[in-house]
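Participant: Here the protein sequences come in this chain order: D and A.
Take UniProt numbering: the final residue in the first sequence is number 506, and no numbers are missing along the way.
Take UniProt numbering: the final residue in the second sequence is number 99, and no numbers are missing along the way.
By construction, these hints were calculated from the structure, which means they are not laboratory data.
Remember, predicted model here, so these are calculated numbers, not experimental data.
Where hints are given, some of them may not hold.
Calculated pairs, SDA-like style, for lysine to any residue (alpha carbon to alpha carbon, straight line, at most 20 Å) [claimed, not checked]:
no., chain 1, residue 1, chain 2, residue 2
1, D, 414, D, 234
2, D, 360, A, 23
3, D, 95, A, 21
4, D, 325, A, 82
5, D, 360, A, 15
6, D, 86, D, 50
7, D, 325, A, 29
8, D, 360, A, 29
9, D, 360, D, 418
10, D, 86, A, 15
11, D, 86, D, 54
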Amino acid sequence: MSELTRLSAADLSAELSAGNVSAVEAAQAHLDRIAAVDGAVHAFLHVNPEVTLAQAAEVDRKRAAGEQLGALAGVPIAVKDVLVTKDMPATSGSKILEGYVSPFDATPVALAKAAGLVPLGKTNMDEFAMGSSTEHSAYGPTHNPWDLDRIPGGSGGGSAAAVAAYEAPLAFGSDTGGSIRQPAHVTGTVGVKPTYGAVSRYGSIALASSLDQVGPVSRTVLDAALLQDVIAGHDPNDSTSLNESWPSMAEAVRGADLTGLKIGVIRELDGDGFQAGVRQRYREALDLLASNGAEIVEVSAPNFQYSIAAYYLIMPAEASSNLAKFDSVRFGLRQAPAGGGTVEQVMAATREAGFGPEVKRRVILGTYALSAGYYDAYYGSAQKVRTLVQQDFANAFEQVDVLVSPTAPTTAFKLGEKLDDPMAMYLNDIATIPANLAGVPGMSLPIGLAPEDGLPVGIQFLAPARQDARLYNVGGALESLLVDRWGGPLLAQAPELAVSTQEGTR
Amino acid sequence: MSEISAEQVAHLANLARIALTEDEIQHLTAELGQIMQAVEQVSQVATADVVPTSHPIPLTNVFREDVVGETLTQQQALANAPESDGSRFIVSAILGEEQ
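Produce the entire structure from the sequences given, and follow the hints as far as they go.
Facilitator: Here it is, written out as structure tokens:
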């Protein structure tokens, strides 16, 4: 494997600006790595080396001309297929959008390109981001680089696996109920869901508009911070975008300091439902934080137990409405019933053919939750729970600076294990959903391997809305303590992937 | 409240414009029953005194200047259409024969 693909985005960026490596060389090294391992991992749905190399060459040209370049100029990035792109397809993992190419770039993609980042391709995901394993992708699942028989998490399993398999140093994710953080947990990588509204949702194919947030996926906390610094900011094209200036997240990592930091352990997210090895690594991480200057206290969030129930009413309700746009008229698939039909019959036949089983399940569920006679009992009640969860956060943050929990109850499970049991699949998000309901930022970073199965475990930090820098402070500090203890990054312990000399099936 | 019948699922599928097969309706009827049973617990704490939240971070009056911005060209807007005549989207009949 090329050493270039082993570098963090920060280190690669230093090599690029020192002139030791060109952006074209960096892009080519990652394209070679994708060609070598992605047949087995299947993190990517689309790669176009010609476009990637042309964009890299443009960065090299600007650098040679002495133009002022961003901190990550020339660093490759993988883009979750939920983000629309004008030079690559965007399918959101669905057959109904097969081959769709947008007339514009999603704002985070446009910002990344403007900063000189070089898109490598589009990553696999559960269809319309509905799932926790990428098994609901219409294009086949992604495999966890730690064990190819296991799930890479979801919905952003493609982005997490790409980063874990050294196919990209950075990736974009989107997080509606944990789709950035849970994949980070099961692949030994870092994922951050920023404060709701910190990053524009313009051009992010919507799942649930009041919950969705785009964010960084990486191998180190500093790399996530560098990317968040590029993509955070106000966008007039997104009416929910926060109009404020953000402090540098990278500075928060570089100046990380645990002294006097009050960390609240969420009592409700540390029980029998959590795997023994997950709890063990979690306890060790808390001890490490405590012995390095942080104060650990226990806090209670009694309404978190209702989060999943509220989420599985609000999210499908918003999704059923958002997905109404796939009507076979303006874009996407059109499938006429045998013998033709009215526009309504064509719509129904198209949506039957173009949507997978999980999408149909959630659209029907959402339609039910919003239907006359049930609206107050279901959707209305769920919105009240949302208030209660926000109050739990507000009460907790009166006592502590950040909150902490394991990111997910178990390590990566086997592909197929929960596919036929929707409720079991939904429980994966028990620790991540509260942040989306309240709009607060969350981060997952690796804290070790569960002794019983040797698979990665993540820890989740949560901060008050707009206080994303606190996550980068505590995350950066813990990561540095752990890397010292391990003698290197956790991913160095991952098994080497077999390298294929020919392109795998796509 | 969580009793869901196959007829209800068929009705919802019609509202959502998805031509589900008979098999899918049977499957979904069982699954939705289970899921609704699990999510119904929201009613335990959603008492009358709790104000509902529709949005995590409330913003009010998000306006922009009323000026023409960048828009898609007709060609761009039609580029992904399943069928068009070059200036308009083409769809099949809106009304059925009996209407």
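Participant: With reference to the structure, classify each hint as holding or not holding.
Facilitator: Each hint, compared with the structure:
1. D:414 to D:234: At roughly 40 Å apart (the allowed maximum being 20 Å), residue 234 of chain D and residue 414 of chain D break the hint.
2. D:360 to A:23: 13 Å, holds
3. D:95 to A:21: Measuring from Cα to Cα gives roughly 18 Å; hence the hint holds.
4. D:325 to A:82: Holds, at roughly 14 Å.
5. D:360 to A:15: The hint holds at about 12 Å.
6. D:86 to D:50: It holds: about 15 Å lies between the C-alpha atoms, which stays within 20 Å.
7. D:325 to A:29: Measuring from Cα to Cα gives roughly 25 Å; hence the hint is violated.
8. D:360 to A:29: Holds, at about 12 Å.
9. D:360 to D:418: Satisfied, since the Cα-Cα distance of roughly 18 Å is no more than 20 Å.
10. D:86 to A:15: 33 Å, violated
11. D:86 to D:54: 15 Å, holds
Consistency with the previously given hints fails for numbers 1, 7, 10, ordered from lowest to highest.
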